[in-house]
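Protein chains in written order, with the numbering used here: chain A, 1 to 427; chain B, 428 to 737; chain C, 738 to 1104; chain D, 1105 to 1471; chain E, 1472 to 1754.
Check each hint, because a few of them may be wrong.
[What the hints assert, rightly or not] Dumping the calculated DMTMM-like pairs for lysine to aspartate or glutamate here, alpha-carbon to alpha-carbon at most 25 Å: (1) D:Lys1276 to C:Glu966; (2) C:Lys909 to D:Asp1434; (3) E:Lys1644 to D:Asp1434; (4) C:Lys814 to C:Asp751; (5) E:Lys1490 to B:Glu669; (6) A:Lys42 to A:Asp410.
[Stated by the list, open to error] Quick list of simulated restraints, FRET-style, between CB atoms: (7) D:Asn1432 to C:Asn1083: 52 to 60 Å; (8) A:Lys323 to B:Lys599: 48 to 56 Å; (9) C:Ala750 to D:Ser1224: 38 to 46 Å; (10) C:Asn1083 to E:Ile1499: 32 to 40 Å; (11) E:Val1566 to C:Thr863: 32 to 40 Å; (12) B:Leu583 to A:Ala166: 21 to 29 Å; (13) B:Leu549 to E:Gly1493: 16 to 24 Å; (14) C:Ser821 to B:Gln585: 55 to 63 Å; (15) C:Ser891 to D:Asn1432: 49 to 57 Å; (16) D:Ser1224 to E:Met1595: 53 to 61 Å; (17) C:Arg919 to B:Leu549: 24 to 32 Å; (18) B:Leu583 to E:Ile1499: 18 to 26 Å; (19) C:Asp889 to D:Thr1456: 46 to 54 Å; (20) D:Pro1142 to C:Thr1089: 52 to 60 Å.
[Stated by the list, open to error] From chain A, some residues computed to sit far from chain B (all C-beta separations above 12 Å): (21) Glu14; (22) Asn55; (23) Ala113; (24) Lys253; (25) Arg385; (26) Ala414.
If you're looking for bench data, these hints aren't it; they were derived computationally from the structure. We treat Cβ as the ideally placed atom computed from N, Cα and C, and that holds for glycine.
Each chain, written out:
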Amino acid sequence: AIGHASATATAPREKIVFWHEMTGPAADQLKKFATQFNASQKKYQIVPEFEGTYNEAVQKILQTHGTSASPAIFQSMDVSTSELYHAKVATPMQHFIDKDHYNMNQIAAVPRAFYSQGGKQISMPFNTSQPVLYYNASLLKRLGIKAPAKDPSYSDITAVAKQIQAKSKGKVNGMTVEEYGWLFEQFMANSNEHMANNENGRQGVPTAVNFDQPGAKKAMQWIQTNVKNKDIINFGSGSTAETNEMAAFLAGKLGIFMQSSADIGNLTSGMKDKLGICYFPHADGQKANGVSIGGASLWIGNDKSKSVQQGAWEFAKFLVNAKNQAIWEKITGYMAINKQAAKEPILKNLFAKQPMVAVPGEQLARTKPNTANSGIFMEDVVQERTLTQTAMQQVYNNGNIGKALKTATDSMNAAIKNNNKASGLTK
Amino acid sequence: MLQRLPKQVDNSLPSLNLAAKYKLTDSGYAIVFLGPTLMLLVAFVFYPMLKTLYMSFFLTNDFGKTTAFVGLSNYVSLITSSSYLSSLGATLVFVLAVSILTVVLGVALAVTANQELKGIRLFRTLFSATMGVSVSVAAIFWLFAFNPSVGVFAQLSQALHLPVVNWLTDPKSAMVAIIISTVWMNLGFTFLIIFGALQSVPKSLYEAADIVGISKLTQLFKVTIPMISGTLFFVMIVTLIEAFKSFGLIDMMTEGGPDNATNLLVYRIYQDAFINGNFAQGSTESILLTIIIAIFTLIQFKFLGKRVHY
Amino acid sequence: MAIELHDVTKTYADSDYPVLSDINMTVNDGEFFVIVGPSGCGKSTLLRMIAGLISISSGKLIINDQLANEMPPKDRKLSMVFQSYALYPFMSVFENVAFGLKSRKIDKQEINNRVKEALSLVDLQTLADRKPRSLSGGQRQRVALARAIASDASFCLMDEPLSNLDAQLRAKMRMELKVLQRKLGLTVIYVTHDQVEAMTMADCVLVLQNHKVQQLDTPLNIYQHPKNEFVASFFGTPQINLLGADYGHHELVVNGSFRVPIAYPLKSGQYTIGIRPNEVEVTVNDRNANARVTEVSYLGNETVILADLLESADELRLVLRNQIDVKNADFINVKTVNQFFVFDQNGGLITTAGAKEEVTADAATIA
Amino acid sequence: MAIELHDVTKTYADSDYPVLSDINMTVNDGEFFVIVGPSGCGKSTLLRMIAGLISISSGKLIINDQLANEMPPKDRKLSMVFQSYALYPFMSVFENVAFGLKSRKIDKQEINNRVKEALSLVDLQTLADRKPRSLSGGQRQRVALARAIASDASFCLMDEPLSNLDAQLRAKMRMELKVLQRKLGLTVIYVTHDQVEAMTMADCVLVLQNHKVQQLDTPLNIYQHPKNEFVASFFGTPQINLLGADYGHHELVVNGSFRVPIAYPLKSGQYTIGIRPNEVEVTVNDRNANARVTEVSYLGNETVILADLLESADELRLVLRNQIDVKNADFINVKTVNQFFVFDQNGGLITTAGAKEEVTADAATIA
Amino acid sequence: MQLVTNDHVSKPSSARRLKKIGQYAFLIVLMLIVVSPFLLGFWTSFLPTSQISKGALWGKLSLANYWAAFTTTPILRYLFNSIVIASLTTVAQVVFCSMSAYAFVFLKFKGRKFLFYAFLATMMLPFEAEVIPNFMTVKSMGLLNHFAVMVVPFMATAFGTFMLRQSFLQIPKELKEAADIEGLNHWQFYYRITLPYSRISIVTLAAYSFLTSWNQYLWPMLTTFSDNFRPVQDGLRQLQSSETFNNWGMIQASACIVVIPTLIVLFIGQHYFKAGLNEGSVK
Ligand SMILES: Nc1ncnc2c1ncn2[C@@H]1O[C@H](COP(=O)(O)OP(=O)(O)OP(=O)(O)O)[C@@H](O)[C@H]1O
Ligand SMILES: Nc1ncnc2c1ncn2[C@@H]1O[C@H](COP(=O)(O)OP(=O)(O)OP(=O)(O)O)[C@@H](O)[C@H]1O
Ligand SMILES: O=P(O)(O)OC[C@H](O)CO
Ligand SMILES: [Mg+2]
Ligand SMILES: [Mg+2]
C-alpha cells in the first residue's frame, strides 16, 4: 500500500524519493501522479513519502541533508523558501531549466516570481493557493440569509455569521477563523502591512518583525469581538482544528470559515450542500491590498547523484505540465500554475459547472503585487507562525490584543537576532 | 587478562578470585560482561549529556552546528522569558497532578482488586490493561472522547443541557484533558506495581488487626500504606519522571496549545529544536529539564524517602 | 471463658473434601489446651475458625455459652499469637504492642502502663524502641507474646509460637510461657506439631490427624494409653517400635523373632505390637541372639541403639543405660519387654500390657 | 583424605577483629568430624575456608599433605551440603543431582547410574522428576545430600543439614546419615549447633565459641569431662545447673543452701559447681527442705522440675523418675548430688567429682 | 485491604450477601472507568463514519473500517516495523542488561561502586533531554531512517541493569558457592543458573522493554522518514494527521489494530508472573 509502481524486469530503476506534505485528496492524487509517471518511463521510480505538516518538513529536510535518508525531490512551503535557499540544500531549479531549455513562460508570473531570487528560479512552483472565505450557500439560502459580497469586509461577514446563529436558533455556528499563523500573515498583507522589515525581506535580510500594527490589530479585534459574541467558534489550531472545522462545515454545523483554496477539493467532494466562496475579507472602510499566494514549491536536493537529480527534474516537469495542473486544480483547489492548463477541458468543464471554484483565481488576478502581498522572505518563519498562532490563541481567550502581539514580536525579534548571528547572515 | 591476581585479603566474594584465577580474571570478565552496556550508555547517555551542556553555551545554525559562543546568555534569555516560565509552571502543575492522581487511583484500584472474590482475576487483568495501550492509541481514543462536536463529553453535556466545554481549545480545560488522558495511560502500570506490593503484605498482619477490632479503613492507612510505602515511593518517582517526559499525548492532542497551556518542557524542546530549528535553545532547555528532574527526585528522596519503611 | 466446638467441619472453597470434620472439643476456663498433629493436618485451620478469621462450614462454635459462628473476630475478645508473629515491621516494639490498644480508645497513660508491664513480663523493656528487623528470632516471638498479654483478653490463641526458635531457647520459653499462663490465669489454645511442647505444657491435648480428632486427653494418658498407632508413634523419641505379631497360646510372637507373654485374652491372629524403645531389656552377645546392632550412639548417660531383627528385616530402636557395653555388629537378645501396646488391624489400641509396676529398663527420652 | 588446620585465623574484610583465631585441628580419613557451637561462633566460616569459598587470613590449610590455602574449590575434590540446601529451583531433582557431574563432562550413562544410585540411597527414586518447590523440607534436604553423594568426592562438608527439620524427621535423618557415611567410607566435616547431633553422630567433636576452640574430643568425653563451663552448659538438656559454691572443710556449700562433700583438695574460696539435672536425689516435703518447686512437667516416664533454692533466688533444674510424687509449690530437699563438676573463677574445669560408679538418679535427657 | 471471606460459606448471611454485592458494584464501576475509553474505541471502530460524525453512537456494525484500514493505509507495515523494532530491542536489552547486572552482582573489579552509581544517576537523565546530540550521533553513524536507529540506542539501559541487579541479588549466595565447588566459570553460571533463576525478572524486563520500545514516539518521529521503517506510534500519528475528512471509524479501527498486540504481550506476561517459582531452592 505504499505506492510503488511495479518495477520492470529490465535495468533497475533509479529510486527517486519524493517528500510531500499533502493530505486527503491531494495526497491521493500525488500518489496517482507518481504511479503514472513511473508507468510512463523505465528509468526512474518515484517513491512518495508523506512527511507530516509543512512546519515539520522544513527541519526534516535540513537535518537529513547529506544522509541517505534525505529525499531527492521535496515539496516545501512558500515561506520556507528563504531558509532553504540560505541553507543551500538544493540545486537551483534554474540549473535544470537552463540545461533542459525548459520554457518557464508557461508558468504563471506570480508564483514564478515568488520562488525566484535575483532573477533565478530557486524552486519550481507547484501547489499554489489563495486564502479565501467559504460559506455554506445552501444553508444561507435555507435560512433566508443573503450571501456575503464577493469582496467582503469584516463587518459584512460578522453580519452573516450573526444571522446564521440567530436564524438557526444556535444550532449552526456562525463562523470560525483558525488560530493559524498563515491567516495572520494574510490579514497583514491584505491591510498592506509589512510583517518583517526590509520590505518583508525582499530588499535584504530581515532583522526585525512587527506584528503589532494597526491592520493586524483590527483583524484581531474583529475576531475577539466575534468570539465574545459567540459568533466565532473556536476549533483550536493545528491539523486537528482543520479536520474539525472541515467536519463541522461539511456536517452543516458551521456556516463560514477561512482557509486555503486547497480545501476546495475536499469541500466539493464531501459536501451535499452548495459551496460558496468569496475573497479574503478586508477591514471596514479600507481597500483590500490583496493576499499573497500560499502553498508550496518543489525542490531538488543537491546531495544526490546527477542521475537521481535528473529523474527528480523529470518528475517535477511532469507535475507542472498543463494537463496535470488542470487535474490538480480540479481535485484539490490549488490553482493551476501552468498557463496552458486553462485550456484543458477538465478545467473548462469545472469552471462551467462550478463557477465559484474560479474565485481564488480571480482574487489572485485582481491583486496588484507589492512587497506586502508577495510573501515573506525570512528565515525562521515556522517560529513566526507558532508565535502569531499563540498570540491568536490569547486573543481568542480574551487576552489583551496589544500585549499578545507585542509579546510575539519581542520573542520573534530575539529569535531573528540569534538566528542571523548563528547563520552569519548579519554580524 | 590471563594473569594471576595479586593475593587478595578478604572480600565478600573472594571465591571468584580463587575460581577464576587460572583463566579470565574478574576484571577480564567485567570488561566482557559490562562492555557493551557501558559503551552504549557512554554513547547515548553520558556523551550526549555533556554535548547538550556544551551546545547550550553556543548559538547553532540551520544544521545544528555550534557557531557563536554566547556563555550563559541562552540560559538568561530562557529564564527571563515569560513563555518559558509559563511552560515551566504548566509542567509543574501537570507533573504534580499526574503523579498524585496516578498514585492515589493506582492505590484505589489495587486495594479494590486485592479482595478475594470470584472472577477477580478478570478485574485485575482489565485494571492493568491500559499498560498495553500505546500513546498514539490513547491519544486517538481521547481525541474522540474530547471532540467538541461528536465526542462523548460534548454529547453528554448537550444531553444534560450543560454548556459544552471546549476541552482542547480552552487553556484550562486542555490541561485537564491532558492530565486525565495521561493518568489513564499510567494507571495500568501503576496498578500492577502497587498490586504486586499489596499481594506481598502478609495476610496475618490484617488478621492480627481484625482480632483487635481495627476497622478496614484504619487498616488501609495504618497497615497497608506503611507496608507498601517502599513501592509507593518507587512508583511516585517513576511516575514523576515519566510525567516530566510526557510528549506523545501532547503532540497528538494539543500540540502544546492553546496559548502554551500544555506546552510542557519536553514538547518545547522538540518544538524549539526540531520545528524551529533552534538546537542551542533546545539544548539549554534540555539541561534545565535535567536539573529540574534531578531537583525533584532529590526532594522526594529527602522528604518522602524518610517516611518509607523498607 | 469456655469454648465449645460441636461437630465443627471445615471445607475450603476450592476443595471438595473437608480439611476438618466433626470436631468436638471443650476448652475450660484457665486451661492450657494444646492442639497437636503433623504438618498440614488442619491445626491452624481449627485455630482460625475459633478466632473468627475464617468461617465455619458446619457445626457450632460456642464461646461462653453464646453461639459464635458468625461473631466478628473483635467481639470474641481474644488475643492471638501468630505462627509468623505478624509484627508490623514499620512500628517499634512498643508501638506493635500498643497498636491494638490504641484502636480501642483506651486512655494514653493506661496504654503506656499496660505495654510497659507486658514488655517487662517478657523481659523486653530495654528493646522497646527497636524495630522488629533488628531483633533476634526469640525476641520477635516475645514481642508477639507481649502483644497478646497487653490485650486484656483472657483467652489467647497461639499458633506454633516457638517453632522457629533453637532448642535451648525453645526449652526456656516453654517454661516461661507456662508460668505466665498460670500467673495471668489465661485460657490458652496452643497449636504445635512438636510433641515435647504438647507433653510439657498442656493440661489437655487434642491430637489431630487425617481431618479427625485422634485423641483428646491429658498428656500422661496420651503417652501411656495412646488410642491408636498414630498417637503412639507421634509421641516419644526415638519413635515407638511398631511390629507385626501373631497371637497364640497367651503369647505374641513378634516377627518370628521373640515372644512376649500377654495375659489379655486376644483372639488368635495378626496384631501390631507397639514397644517403646526404653521398655526393652537386652543381653549382649547372647547365644540366643535375635537381633544385630547396626548403629550405636551414646547420649551422655544413655545409649541409643538401632538393631535389625535377624528373622525379619525389621529395625528395632532401643534406648539402654550406659553401663551396657555394646558396639556395632554385636548380636543382642531381646530378653524382656516391660510394657507394650497391642493394636488391632485398623491401628486401634486393644490393650496396654506388661508389668508396669516392675519397670526396670531405663527412661525413654521423648525430648 | 586427611585435612589439617594449623593456626588458622580469619578476619573478615570489614571487621577489625578475627572471627576465628588460631584454629588447629586434624580430620582423619573416614572420620565423622563435628563442629559445634552457638549461632554466630564461626562454624560456617570455618567450613567455608576448608571448602575454599572464602580465603584464609593466616595459618595453613593442608589437604592430603598438600598446602591448600590458595587452591580453587573445584580442585579440592570435595562435596558440600549447604545449610540452606542450595538447590537449583528450576531443575528437577534428577537434574540437580546430575548438574555437577555434567559440568565435568562425565559420560552420560555413567551420570545416569550415579544419580540413580544416589537418589535410591536417600530414598528419592520416585521423586526424580519433581522440582524442589514441590518437595517437603526433609525431601529437599535429601536431594542436597544426594548431590554430595553422587559427586565422587570422598570428602564431604555439611553445614547444619538437619537444622530445619522437625524433631521426628531429624532423629531419623541422624541415623541414616551416619549409616551412609560409614557405608561409603566418607570423611565428613559436619557443622551444627545442635548438641544432640554432635553427641550422636560424631567420632570427634570440635566445640567452638568466642573465636576459639573450646574443646576437641570424643562426644562422651565432652559430656563427661567438659573443659569449661561453656562446654558443660552447652551439652545436656535441661541445661546443667551452674551455682556459686564456697569451699571449706572438704565441702562445697552451694549458695548457702546445701552442702556437697568433695575429696579433691581445693583451696578455700569461691567456685562454681556444675550439677546435671539428673544427678540429684531429692526428698519431697522434707522437713529440711532447701528448695521449693515452681514448675512440674511430666514427660511420659520422667519428670522435669523447676525449683527455687530457698536461701538464694537461684533456680534449679531437676530431672526425676516418674515415681516421685511432686507437685507445684511442694518443698523439696536436695539430698544427694551424685556427680558434679567444679570450675574455677575463669570457668575452667578443676575436677569432676562424686561417686560416678554409684549413680542412682535417673538418666538425663539430652535429646 | 484483605478480606477474610475467601472461603466457602454454606449459608451466607444476608449481610454478607449485601456486602458482596457492594464489592462487585464498586469493582464494576472502577472497571468501567478504566475500560470505557477502550470500549468506546472498539465500539466506534465498527460503526460507519457517517454515523459517528453525526454524533450517533449506533448504526450498522461492520468490519468495513478494518477493511479500509488494512487496504488503504500502511497499518500492517507499521505493525510489522514495530514488531521488528520492539523484538530486537527486547532481545538486546535482556542480553546486555543481564550481562551488566551480572557484572555488578557477581564480579569484583575496580571501580564497581563508582560505575554502579554512574548507572544509577543515568536513570534520572531523561532520554528526551538528550535527543539533540543523539540525533546528531545517529545521523553521523548513517542510521537515519533504518530499523537500527530505533534499536541501537536502546539496546542497553541503566534501568534494566538496575532491575536485574536487584533480582540477581536475590539469588542465594549458596548457589554461587555450590557452583564454585562444582567448578563452573562465570559464563556457565550466568547462562545456566543466573538466567533461569531470574526468569520472572527477565520476562518482566522483556515485557517492559517491549512495551517501552513499542511506545517510542518522539525518537522515531525524529529519525524515520518513510513508511518502510515507521513504527505504529508514528504511523498512527501520520494517519491521524493526514486524514482531512475525520474518518473516525477507520482511525479507531487502526487504533484497535495497534492496541491488540500489546494487550496480548501484557496478558501473556501477566499470566507468567506467577509467584513462588523459585521456592524450595533454599530454606
Ligand atoms: N486457604 C486455603 N484454601 C485451601 N486449602 C487450604 C487453605 N489453607 C490451608 N489449606 C489446606 O488445609 C490443610 C490444613 O492446613 P493448616 O494450615 O490448618 O495446617 P496446619 O495443621 O496448621 O499445618 P502446619 O503445621 O504446617 O502449620 C492443608 O492441607 C492446607 O493445604
Ligand atoms: N561476609 C561476612 N563479613 C563479615 N562478617 C561476617 C561475614 N560472614 C559472617 N560474618 C560474621 O562472622 C561470624 C561467624 O559467622 P558464621 O556464619 O561462621 O557463624 P555460624 O557459626 O555458622 O552461625 P550459625 O549457627 O548461625 O550458622 C558472625 O558474627 C557473622 O556475623
Ligand atoms: O494550505 P496551503 O497548501 O494552501 O498552504 C498554506 C500556506 O501557504 C502554508 O505556508
Ligand atoms: Mg499451621
Ligand atoms: Mg552457619
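Indicate whether the distance between the beta carbons of leucine 583 of chain B and alanine 166 of chain A respects the range 21 to 29 Å. The hinted range 21 to 29 Å holds for leucine 583 of chain B and alanine 166 of chain A, with Cβ atoms some 27 Å apart.
Does the claim that lysine 253 of chain A lies outside the interface with chain B hold up, using a Cβ gap greater than 12 Å? The assertion about lysine 253 of chain A is violated, with a minimum of 6 Å to chain B.
Straight-line Cα separation of lysine 1490 of chain E and glutamate 669 of chain B no greater than 25 Å? Violated, at about 38 Å.
Taken at face value, is the distance from the CA of aspartate 1434 of chain D to the CA of lysine 909 of chain C at most 25 Å? holds (22 Å)
Given a hint of 53 to 61 Å, does the C-beta separation of serine 1224 of chain D and methionine 1595 of chain E actually sit inside it? Roughly 57 Å apart at Cβ, these two residues keep to the hinted range, so it holds.
At the C-beta level, are serine 821 of chain C and glutamine 585 of chain B separated by a distance inside 55 to 63 Å? holds (58 Å)
Between alanine 750 of chain C and serine 1224 of chain D, does the C-beta distance stay in 38 to 46 Å? holds (40 Å)
Looking only at beta-carbon atoms, does the pair leucine 583 of chain B, isoleucine 1499 of chain E fall within the given range of 18 to 26 Å? This hint holds: roughly 20 Å between Cβ atoms.
Minimum Cβ distance from asparagine 55 of chain A to chain B greater than 12 Å, as the annotation requires: Violated: least Cβ distance 6 Å, not greater than 12 Å.
Starting from lysine 42 of chain A, check that the Cα of aspartate 410 of chain A is at most 25 Å away, please. violated (54 Å)
Does aspartate 751 of chain C sit within 25 Å of lysine 814 of chain C, going by the straight-line distance between their CA atoms? Distance ~30 Å between lysine 814 of chain C and aspartate 751 of chain C Cα, so the pair is violated.
Taking the shortest Cβ-to-Cβ distance between arginine 385 of chain A and chain B, state whether it exceeds 12 Å. For arginine 385 of chain A, whose nearest Cβ neighbour in chain B is about 10 Å away, the distance does not exceed 12 Å, so it is violated.
Hint violations for this structure: numbers 3, 4, 5, 6, 7, 10, 11, 15, 17, 20, 22, 24, 25, 26, all remaining hints satisfied.
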